Amino acid sequence: MVFFLAGVTYDTLTLSRIDRLFDNLILLLYLSLLGTLVVLTGRLQFDMIPSPPQETGWSALHVIQWARPHLTKALQFLLGGLFSAYTIFYFQSSSLTTSSLFLAVIILLLIANEWFRHRLSSIKLLVSLYAMVVFSFFTFFLPVLTGLMNIWVFLLGAALSAVVIWKIVTLIFDGLALRSSWEPILTFFPALGLIVSLCGFYFLNWIPPVPLSLKFGGAYHHVEKAQHDYHLTFYDGAWYDVLKQSDDEVPTEQPVYCFTSVFAPVTLETTVYHHWQHRPANTEDAFSTTDRIPISISGGRERGYRSYTVKQRLDPGEWRVDVETEDGRIIGRVHFLATPMSFASQETRTITF
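Residues 174 to 526 (the working numbering) make up the sequence shown, in order.
Simulated from the structure, these hints should not be mistaken for lab results.
Just so we're clear, the structure is a prediction, and the values are computed from it rather than from any experiment.
Do not rely on the hints blindly, as some may be mistaken.
[Claimed, not checked] Here are the in silico distance ranges between beta carbons for each label pair:
hint, residue 1, residue 2, range
1, Phe-376, Ser-471, 24 to 32 Å
2, Leu-194, Lys-340, 20 to 28 Å
3, Val-483, Thr-343, 55 to 63 Å
4, Phe-376, Lys-340, 20 to 28 Å
For glycine and all other residues, C-beta sits at the position ideal for the given N, C-alpha and C.
Please build the complete structure, drawing on both the sequences and the hints.
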């Protein structure tokens, strides 16, 4: 348990940017080693790797024989490293909406990998877990690599995942005298079903919009750009509310600004939306859309691409602004309350971003 927590903490401190070349090369190395071990585990189970000769000297067969008792630990280590990295990357892009469901699945797999190591002897399970980590990697790596983020790039990642998994299965069964020609297909089918299910997650907006992430966001009394900085003015809170950095309550008769900073990789240029929604006070009605304003963003800035939208007058009640991708996946959300009361006597504070 100590090593598990230490590993997650280390990854949290060291995995800073989803588009950093070194981090992605490490993940590719992990995926390559894991795929090799999955094939090796399968072929050992089917006795497709002969015992090493008795003569002195070391060969590849001797190395495999020596490593065989440690394969499960190595599989667990590589899976844990990948799930830990994905937890961090997907957490940065998730919000407390349905898009956090995929993140919850990854966290559960990360925890399960720590406690159910003995289950890794199942070839079908190993192939399915490998499908999960390959799919999760392509979901954010292809947008980073291509600079494009749309449904076709996502489906390309799903197709590449299926091709990689089929290759793994064929390598496991290569040269094996099969009792049935259906054995490779039956091994591949659960992994393919998982990939198809994850595609369903995408269309239900259950997958966080990686590699985008909301670095900062809030509602403000006034926003002004001066040279390279934005000055954000909001109503000051109580003396003990020292962490307050935006408005949680605004007057209905004055303009309200929604300011956000969205991180995107260096190569990525895309459009995000400020989706303004309103719900009358003291009701349980659903939020209704008032505006959905497009914002073109460019990647590369460490603290994100800064932008804002403004509404001149608000109806009383609850308001939220969802920062969304073009296909409606939520990057982040800004909440505030609009009231007709006067704020003239309340002091304001300005921060620079």
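So, going through the hints one by one against the coordinates:
no., hint, in the structure
1, Phe-376 <-> Ser-471: 24 to 32 Å, "27 Å, holds"
2, Leu-194 <-> Lys-340: 20 to 28 Å, "25 Å, holds"
3, Val-483 <-> Thr-343: 55 to 63 Å, "57 Å, holds"
4, Phe-376 <-> Lys-340: 20 to 28 Å, "26 Å, holds"
Violated hints: none; the structure is consistent with every hint.
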